[in-house]
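Turn these sequences into a full structure, and let the hints guide you.
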Amino acid sequence: MTDTHCPYCALQCGITLEPNQPEHSTEPVSLKGRDFETNGGALCRKGYSAAKLLDHPERLQTPLLRQPDGSLAPIDWEQALDLVASKALGIRAESGADALAVFGSGSLTNEKAYQLGKFARLALGTSRIDYNGRFCMSSAAAGTNRAFGLDRGLPFPLADLDGAGMILMLGSNVADTMPPFVRHLTGARENGGLIVVDPRRSATAKLCADNAGWHLQPTPATDLPLLLGLAHVLVAESLADTSYLAARTNGFGSLKASLASWWPERTARITGVPAEQIRHTARALAQAASEAKACGKPVYILTGRGIEQHSNGTDTVTAAINLALLLGLPGTLAGGYGTITGQGNGQGGREHGQKCDQLPGYRKITDPGHRAHVARVWGVEPEAIPGPGLPAVELFDALGTPRGPRMMLIHGANPVISAPDASRVASSLTKLDFLVVCDFFLSETAAQADLVLPVLQWAEEEGTMTNLEGRILRRRAALTAPENARSELWIFSQLAQRLDAPGCFSPDAQEVFEELKLASAGGLSDYSGVNWDDLDAGAAIYWPCPAGTDVKAQPGIRNGTPRLFLEGFAHEDQRAVLVPVYFQPAPRMDKSSVSLVTGRLLEHYQSGAQTRRVPELAKAAPEALLEIHPATALAHQIAQGQKVVISNERGEVTVRALLSSDARLDTVFLPFHYPDSGTANLLTEAKVDPHSKMPEFKHAHVSLSAVKEEQ
Numbered sequence: 001m002t003d004t005h006c007p008y009c010a011l012q013c014g015i016t017l018e019p020n021q022p023e024h025s026t027e028p029v030s031l032k033g034r035d036f037e038t039n040g041g042a043l044c045r046k047g048y049s050a051a052k053l054l055d056h057p058e059r060l061q062t063p064l065l066r067q068p069d070g071s072l073a074p075i076d077w078e079q080a081l082d083l084v085a086s087k088a089l090g091i092r093a094e095s096g097a098d099a100l101a102v103f104g105s106g107s108l109t110n111e112k113a114y115q116l117g118k119f120a121r122l123a124l125g126t127s128r129i130d131y132n133g134r135f136c137m138s139s140a141a142a143g144t145n146r147a148f149g150l151d152r153g154l155p156f157p158l159a160d161l162d163g164a165g166m167i168l169m170l171g172s173n174v175a176d177t178m179p180p181f182v183r184h185l186t187g188a189r190e191n192g193g194l195i196v197v198d199p200r201r202s203a204t205a206k207l208c209a210d211n212a213g214w215h216l217q218p219t220p221a222t223d224l225p226l227l228l229g230l231a232h233v234l235v236a237e238s239l240a241d242t243s244y245l246a247a248r249t250n251g252f253g254s255l256k257a258s259l260a261s262w263w264p265e266r267t268a269r270i271t272g273v274p275a276e277q278i279r280h281t282a283r284a285l286a287q288a289a290s291e292a293k294a295c296g297k298p299v300y301i302l303t304g305r306g307i308e309q310h311s312n313g314t315d316t317v318t319a320a321i322n323l324a325l326l327l328g329l330p331g332t333l334a335g336g337y338g339t340i341t342g343q344g345n346g347q348g349g350r351e352h353g354q355k356c357d358q359l360p361g362y363r364k365i366t367d368p369g370h371r372a373h374v375a376r377v378w379g380v381e382p383e384a385i386p387g388p389g390l391p392a393v394e395l396f397d398a399l400g401t402p403r404g405p406r407m408m409l410i411h412g413a414n415p416v417i418s419a420p421d422a423s424r425v426a427s428s429l430t431k432l433d434f435l436v437v438c439d440f441f442l443s444e445t446a447a448q449a450d451l452v453l454p455v456l457q458w459a460e461e462e463g464t465m466t467n468l469e470g471r472i473l474r475r476r477a478a479l480t481a482p483e484n485a486r487s488e489l490w491i492f493s494q495l496a497q498r499l500d501a502p503g504c505f506s507p508d509a510q511e512v513f514e515e516l517k518l519a520s521a522g523g524l525s526d527y528s529g530v531n532w533d534d535l536d537a538g539a540a541i542y543w544p545c546p547a548g549t550d551v552k553a554q555p556g557i558r559n560g561t562p563r564l565f566l567e568g569f570a571h572e573d574q575r576a577v578l579v580p581v582y583f584q585p586a587p588r589m590d591k592s593s594v595s596l597v598t599g600r601l602l603e604h605y606q607s608g609a610q611t612r613r614v615p616e617l618a619k620a621a622p623e624a625l626l627e628i629h630p631a632t633a634l635a636h637q638i639a640q641g642q643k644v645v646i647s648n649e650r651g652e653v654t655v656r657a658l659l660s661s662d663a664r665l666d667t668v669f670l671p672f673h674y675p676d677s678g679t680a681n682l683l684t685e686a687k688v689d690p691h692s693k694m695p696e697f698k699h700a701h702v703s704l705s706a707v708k709e710e711q
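In this text, residue positions in the sequence shown follow the UniProt record's numbering: the first is 1, and each later residue adds one.
Since the hints were derived computationally from the structure, they do not count as laboratory data. Don't take every hint at face value.
Derived pair list, reagent style DMTMM-like, types lysine to aspartate or glutamate, alpha-carbon separation capped at 20 Å [claimed, not checked]:
| # | residue 1 | residue 2 |
| --- | --- | --- |
| 1 | LYS206 | GLU190 |
| 2 | LYS32 | ASP3 |
| 3 | LYS87 | ASP500 |
| 4 | LYS687 | GLU394 |
| 5 | LYS619 | GLU58 |
| 6 | LYS293 | GLU276 |
| 7 | LYS52 | GLU483 |
So, in structure tokens, the structure goes:
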């Protein structure tokens with residue numbers, strides 16, 4: 001029996017694996033939910049079926065090299081590694097180290113994320129590294145960093161939500177994307193205090209029915225003015241916690257002035273949310289927050305990708321944080337603000353050096369002191385560490401250009417499906433001299449590679465993950481990997497030798513974790529007091545956990561820092577910053593256009609490269625469907641199940657229509673898990689947020705046309 005965690009989302013639900021005898025089962029292990037805080041023994045469909053991928057017939061089991069005829073053919077590991085090294089050395093000699101690029105993932109273990117950043121900067125010598133968390137958590141990170149001085153998805157244990165009296169949730173459909181999360185909303189629902197903001201009547205919005213709360217349904221891309229309108233009511237009606245603001249924040253005067261023009265009637269005209277509903281929501285939040293401080297039930301504001309994946313995502317996150325600060329919540333036991341991390345290691349993956357501007361421990365790559373600390377751990381001079389690189393959208397745009405990267409290594413990501421303006425990204429990849437993709441299936445991106453390297457799956461590797469609440473967890477191996485699959489740590493170690501890299505590149509996860517601890521010591525995300533054996537013993541450890549922390553592996557004891565900011569925020573003066581933000585209306589749509597919103601389904605995960613290969617998940621949701629209101633469908637002469645072409649200046653997608661009154665009249669919804677002509681990101685825009693460089697994933701103007709099918 002092996003206790004580990006689900007390979008999918010950032011809940012990192014507890015599971016137990018037990019090897020099966022081949023004669024008794026078609027799957028290599030039996031998988032069941034484990035009584036862990038985030039899931040309480042429950043799993044979603046994806047989690048329950050995860051073991052089906054471990055011996056899937058499409059599993060990659062040997063390196064594959066592109067042949068002159070365009071096919072991929074097996075080669076051995078020595079040939080593959082020698083080829084990668086020789087290509088990298090040759091290109092670096094001709095064009096410099098920044099002609100080499102690396103793209104990582106929020107699904108990698110902490111050890112692999114750490115080693116990937118180190119490998120890029122020391123073994124390759126390049127600054128050109130970023131990761132797919134740029135498409136996921138970057139706006140949330142930018143907003144929380146400037147407000148609080150520190151980015152952790154939930155700065156409190158997830159279980160704290162259980163006792164909430166009120167939860168305002170914006171831009172997250174947890175009922176579909178991470179169903180075990182719903183158990184943590186029970187208290188707020190029973191109190192009539194679940195408030196969901198979403199243009200769709202999503203599965204999560206439906207949880208507000210039967211007096212469990214209420215649903216605000218704004219026009220797409222107007223979450224920012226809605227939050228400004230709610231904040232205006234708090235200030236105008238003297239409902240803000242002025243004692244808290246004076247004691248623990250800076251900037252209230254400027255914020256107050258910036259909110260003056262957002263009275264509810266004006267906000268209603270822009271958002272479509274009635275003015276009285278705006279007033280009611282603001283007053284209810286203020287009343288609940290006041291009661292929470294008088295030993296009542298806590299109040300939380302939670303955000304997700306729906307409000308963050310926009311070109312103004314950082315400002316929208318900031319507006320949500322400002323609302324929480326006006327209520328006097330962050331850094332108290334009366335509630336707080338948090339953002340719901342998506343990818344399995346979306347939290348740990350952004351802490352340890354995969355980002356183009358960051359070193360391990362949330363250290364800044366431009367800070368001389370931070371560079372010196374990491375250089376000492378790596379055994380090099382600070383000058384050996386390159387400076388900041390390019391964020392993901394700019395990195396992909398630069399591929400194959402005269403001064404851009406000529407070779408790229410991609411680990412655990414599928415940007416041909418997951419990147420904005422996906423056709424442009426696919427085209428950029430073809431301009432490379434050499435593309436290497438590490439994966440365990442031939443994803444759409446791997447299918448374009450010159451060399452594909454087969455790597456381990458979650459149940460075959462050791463390591464650590466960090467979940468959405470900042471808790472560090474052990475991932476444990478329960479199976480022997482296929483003979484020719486290899487860990488990325490082993491690949492980095494082998495390539496580092498061939499590239500004559502300085503420093504140590506261990507293939508052992510525990511050894512890498514010990515080095516990660518040293519590199520993070522004294523940083524914002526300090527892991528130096530985390531002991532591998534304590535994690536194995538089940539200790540609940542939350543970062544920061546500095547060296548010398550007394551850790552107890554006992555049920556009910558939380559170690560490290562489960563609740564951030566109780567003593568002060570992470571800015572030098574320990575005060576949070578209220579940052580005024582401003583709304584710039586998007587250009588008006590053509591009257592024949594509608595707003596496209598993209599998102600996840602219950603059955604699938606990310607680009608679908610894994611879940612589309614699970615038979616029961618593929619059967620339940622075999623193709624992309626366009627959710628469209630019946631009245632909108634009638635106006636466009638679209639019938640249920642009819643093929644529809646969705647198009648804009650970036651591309652077109654052909655899918656079938658799903659008529660549903662859950663959609664707004666001016667909005668259609670398309671899931672982003674599907675390939676080929678059903679790829680939603682063929683339509684999304686690569687325009688980015690100026691602070692986080694997050695692309696505009698969640699909103700695009702599109703035209704619809706029904707396809708006349710032959711009878």
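Hint by hint, here is what the structure shows:
This hinted pair checks out: LYS206 and GLU190 have alpha carbons roughly 14 Å apart, not beyond 20 Å. For the given pair, LYS32 sits about 10 Å from ASP3 by alpha-carbon distance, which is consistent with the 20 Å threshold. The suggested pairing of LYS87 with ASP500 holds, with an alpha-carbon distance near 14 Å, which does not exceed 20 Å. Taking the CA atoms of LYS687 and GLU394, the gap is near 10 Å; set against the 20 Å cutoff, the hint holds.
At most 20 Å may separate the alpha-carbon atoms for a hinted pair to count; LYS619 and GLU58 meet this at roughly 17 Å. In summary, the hint linking LYS293 to GLU276 is not supported, as the alpha carbons are separated by about 26 Å, beyond the 20 Å threshold. Pair hint LYS52 plus GLU483 holds up; C-alpha atoms about 19 Å apart against a cutoff of 20 Å.
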